[in-house]
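**Student:** These are the residues of each chain, in order.
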Amino acid sequence: MTPRLAIFSLIVPACILAQGVPPPSGIGPGAPPQAPKSAEASAPADFTGYYVSVVTEDWRWRMVTPIKGDFASIPLNNEGRRVGNAWDPDKDTAAGEQCKSYGAPAIMRVPGRVHISWADANTLKLETDAGTQTRLLHFMGKPAQTDKPSWQGYSVANWERPVRGSGFPGFGLGATREGAHGKALEVVTTQLRAGYLRKNGPPYSENTVLKEYYDLHKERNGDTWFTVTTVVQDPTYLTEPFVTSTDFKKIPDGEGWSPSVCTAK
Amino acid sequence: MDKRIAGLSAAVAHALLRAASPLLGTLLLFAQTNPDTVKLTMAPVQGNVYVLMGDGGNITVQTGKDGVMLVDTGFAPLAPKAMAEIRKLSDGPIRWIVNTHVHTDHTGGNAEMAKLGMTGESIGPPRIVAQSNVLNRMTTADPGQPKIPEAAWPNDEYFLPSKDFFFNGEAVVVYHVPAAHTDGDSLVFFRRSDVLSTGDVFTPGSYPIIDLARGGSVQGEIDALNRIIDITVPAKYQEGGTMVIPGHGRLCDEADVVEYRNMLTVIRDRFRDMIHKGMTLEQIKATKPTLDYDTQYGATTGFWTTDMFLDAVYKSLSEKK
Amino acid sequence: MVSLPVFAQVDFTGEWAPLYHEDGPERLPGPELGDYTELPINAAARMAGDTYDADRISVVPEYQCRPHGGDYSMRGLGNLRVWRDIDQASEKLIAFHTHMLAWDSERTIWMDGRPHPPDYAPHTWQGFSTGVWDGNMLTITTTHLKTNYMRRNGIPRSDKAVFTEHWTRHGDYLTVVTVIEDPVYLTEPLVRSDNWYVDPGQNIGIFGCEYAPEVPRPEGTVPNHLVGQNPFLHEFANWYGLPYEATRGGAETLYPEYQKKIANEYHPPDHCERYCKCTSLFDCNVTSK
Chain A
2 MTPRLAIFSL
12 IVPACILAQG
22 VPPPSGIGPG
32 APPQAPKSAE
42 ASAPADFTGY
52 YVSVVTEDWR
62 WRMVTPIKGD
72 FASIPLNNEG
82 RRVGNAWDPD
92 KDTAAGEQCK
102 SYGAPAIMRV
112 PGRVHISWAD
122 ANTLKLETDA
132 GTQTRLLHFM
142 GKPAQTDKPS
152 WQGYSVANWE
162 RPVRGSGFPG
172 FGLGATREGA
182 HGKALEVVTT
192 QLRAGYLRKN
202 GPPYSENTVL
212 KEYYDLHKER
222 NGDTWFTVTT
232 VVQDPTYLTE
242 PFVTSTDFKK
252 IPDGEGWSPS
262 VCTAK
Chain B
4 MDKRIAGLSA
14 AVAHALLRAA
24 SPLLGTLLLF
34 AQTNPDTVKL
44 TMAPVQGNVY
54 VLMGDGGNIT
64 VQTGKDGVML
74 VDTGFAPLAP
84 KAMAEIRKLS
94 DGPIRWIVNT
104 HVHTDHTGGN
114 AEMAKLGMTG
124 ESIGPPRIVA
134 QSNVLNRMTT
144 ADPGQPKIPE
154 AAWPNDEYFL
164 PSKDFFFNGE
174 AVVVYHVPAA
184 HTDGDSLVFF
194 RRSDVLSTGD
204 VFTPGSYPII
214 DLARGGSVQG
224 EIDALNRIID
234 ITVPAKYQEG
244 GTMVIPGHGR
254 LCDEADVVEY
264 RNMLTVIRDR
274 FRDMIHKGMT
284 LEQIKATKPT
294 LDYDTQYGAT
304 TGFWTTDMFL
314 DAVYKSLSEK
324 K
Chain C
650 MVSLPVFAQV
660 DFTGEWAPLY
670 HEDGPERLPG
680 PELGDYTELP
690 INAAARMAGD
700 TYDADRISVV
710 PEYQCRPHGG
720 DYSMRGLGNL
730 RVWRDIDQAS
740 EKLIAFHTHM
750 LAWDSERTIW
760 MDGRPHPPDY
770 APHTWQGFST
780 GVWDGNMLTI
790 TTTHLKTNYM
800 RRNGIPRSDK
810 AVFTEHWTRH
820 GDYLTVVTVI
830 EDPVYLTEPL
840 VRSDNWYVDP
850 GQNIGIFGCE
860 YAPEVPRPEG
870 TVPNHLVGQN
880 PFLHEFANWY
890 GLPYEATRGG
900 AETLYPEYQK
910 KIANEYHPPD
920 HCERYCKCTS
930 LFDCNVTSK
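Residue numbers (our numbering), protein chains in the order written: chain A, 2 to 266; chain B, 4 to 324; chain C, 650 to 938.
In isolation and in its complexed conformation, chain A is listed as follows (with noise of 0.2 angstroms):
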């Protein structure tokens, strides 16, 4: 290292300390080594609580059970559409599958209600009075090889951080700008059961990575809501990424909390 640039990145990081910007970790003469926060501590925003779904997108196909072959709005391939139009309700009850519809990459748009807690410091667990459906996000989670499919499938959590950079609020030298860390939680969904993306039968296979983006945000009556942006990729049944985003208010703890059993009609 040249003398100018030793003394510059001396002089870089001491600036930075007087403004009062504390250096990422690691980075500084005698900076000890931070053990590593849980899930819970370091979280961006507090996602826990009580939620009802708000019925303003898709009302016809989520309201009530859509009518048999129609998949409007869904990027359905053919063979998506044959196996939707063989839909039969029936016959899904039957076989005890009638929570097809309930699925990771459905649920979110079943109306109803949703209550966010933490499990433990690094697992955030989202259940559903809609089928009665529980999820579990694991943050610095890995899916085992052995574990089946399932209708939620195992779920992976991370709080969304940019691609790339250190961290370092830089000034044009490639590193990541200050305040670019965003709030949002970032969900990678895979081990699936094959389902229904909706109630009338448009299927998605085994094969379907469900990623999830969880935004909140606070209006100006002072109601908090969330919205989660589901991308559904499945190459089996789907010409493109299935892209929807769902909206829920929070609502006081418990209000109209009505547990439901799966339908497959």
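Calculated from the structure, these hints are not laboratory results.
Ideal Cβ positions, reconstructed from N, Cα and C, are used throughout, including at glycine.
Incorrect hints may have been included.
As the list claims (entries may be wrong) - Computed list of lysine-lysine pairs in DSS-like fashion (alpha-carbon distance at most 27 angstroms, straight line): (1) Lys250/A x Lys909/C; (2) Lys143/A x Lys38/A; (3) Lys69/A x Lys909/C; (4) Lys143/A x Lys184/A; (5) Lys266/A x Lys938/C; (6) Lys92/A x Lys938/C; (7) Lys184/A x Lys126/A; (8) Lys910/C x Lys266/A; (9) Lys92/A x Lys909/C; (10) Lys69/A x Lys910/C; (11) Lys84/B x Lys68/B; (12) Lys251/A x Lys910/C; (13) Lys809/C x Lys219/A; (14) Lys809/C x Lys42/B; (15) Lys938/C x Lys69/A; (16) Lys266/A x Lys92/A; (17) Lys910/C x Lys250/A; (18) Lys809/C x Lys250/A; (19) Lys251/A x Lys909/C; (20) Lys809/C x Lys291/B; (21) Lys741/C x Lys219/A; (22) Lys239/B x Lys809/C; (23) Lys42/B x Lys118/B; (24) Lys84/B x Lys150/B; (25) Lys909/C x Lys266/A; (26) Lys92/A x Lys69/A; (27) Lys741/C x Lys184/A.
Claimed, not checked - Here are some, though not all, of the chain B residues that point toward chain C, as calculated from beta-carbon distances under 8 angstroms: (28) Thr44; (29) Ala46; (30) Ile225; (31) Leu254; (32) Val269; (33) Asp276; (34) Thr290; (35) Leu294; (36) Gln299.
What the hints assert, rightly or not - Chain C stretches covered by chain A per the calculated footprint, using a threshold of three residues with CB under 8 angstroms from any CB of chain A: (37) 668–676; (38) 682–695.
We have chain A already, so just place chains B and C on it with the hints.
**Tutor:** Relative to the frame of chain A, chains B and C by itself:
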């Protein structure tokens, strides 16, 4: 406030308001206001044209090397305050005043503004232009009301469909729109500035006052709004272009007038149909014929309520011609 | 000492193509007459929708080139371009700008803390927008919108509305949460969300419009259905087997418990006959299957 009115019970006063004209209503409303607390706001519109808000109706102000022109003059007690705002724009003499109609919230300041607007450059009092029905009504006092001083009367009335002159580098065209808000309404078009002052023919925040006692009518009001739409030309995609200064309320353009015209046309169509079926006013009111517009334009209190508007529409469409 | 100015938190700059994976039939070909589902409307809005005649769009010349309002634009009725203004001296973000295909609509979202105009200022189709950051979410507040529609089948949105948006970018997806508060026509805020994906190869053409009356009508004609005389209001319910009351909208119909209320009154046809397939402008006809 008139001492006779102040001494009456609220119910009787309200009945008087309903029976009398909106002119009286606005006078009473203003009489309860302390001029010292009234805030006036001058805003640029387009070209040479400004609007002064807060003094009764909107006052349009055009300035330039020739002097000052006003469309309407607000209330007399606020004239000094209004003049102070005008003097921030120009120290030229007021040479023209155009009254859009007879009501006091638009003509009350005529005499005061004419006097205050004279300077060493004046060659006489300003021309006060108005449709001849305005002069006719001003020279005949309302029953029980004081006579309007001659200094406030229009001195340049017109009776043809329009009048025009050139001032501050642009043509000014005054159009008579008959039997609208009143029988003496004028629209004032500043051709180069591309601004149209409408008086109370267009009041975007409330149902139009149809002053039946002074020759107003629903159909005439609709015709006047259609006339405004004929005159105005929007810029790209129905926005901007000719700016419209309403009698009261915010700055607008053609698209805003279209919404207002549509509202009144739809209401007229409904009333016409029900009157044709022989329904009485009370029967019509029971159907809530303006429910879709009431929150936007209606009022349950004040000097022009939804109820009064419905009465006026019914009477206007029912009267035999 | 090096000064660190405040940078924009996230850059939304780019070309964005809308995704129609929600409400495709309503957003693309357009809503069906009498479909007021999904909207927390009041009786005034319902009456406006019931008496609306879609002929108005062509018969009223001034409506032929009337653009979408800034709020309706964000239902994604066209491709979107976003760019930004950075002040050269301070490197501060001054504004985002948007351009949408429909009516070449352009909007400025001021990021420099300036106040909204006073009440008497003119209203425009896109309104006046200011934005603030909340983490990497951009919250935009828009006022001074002209009267327009909340849905293209006659449900209006008044000029008293306040329109809020929350923009977030997750990789190649832009999610825009929209909130319409309209004291004239809504009983509670209307909250929805739509998605775009980045499309760098996109080319937004010129929309263009010139009004041209094609059918002679008396001046000032405003097509409308008299109250109680609109013959089309039950079609939507009949086609989809829905109880008529459910199609009338209103806040009650948006919440999960409403499902129980209508469960026994829903009688759908055996198979889909209308808009069975709809993900883009090119595959969303009434008979698409």
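**Student:** Find the hints from earlier in the document that the structure breaks and name them by number, from lowest to highest.
**Tutor:** none
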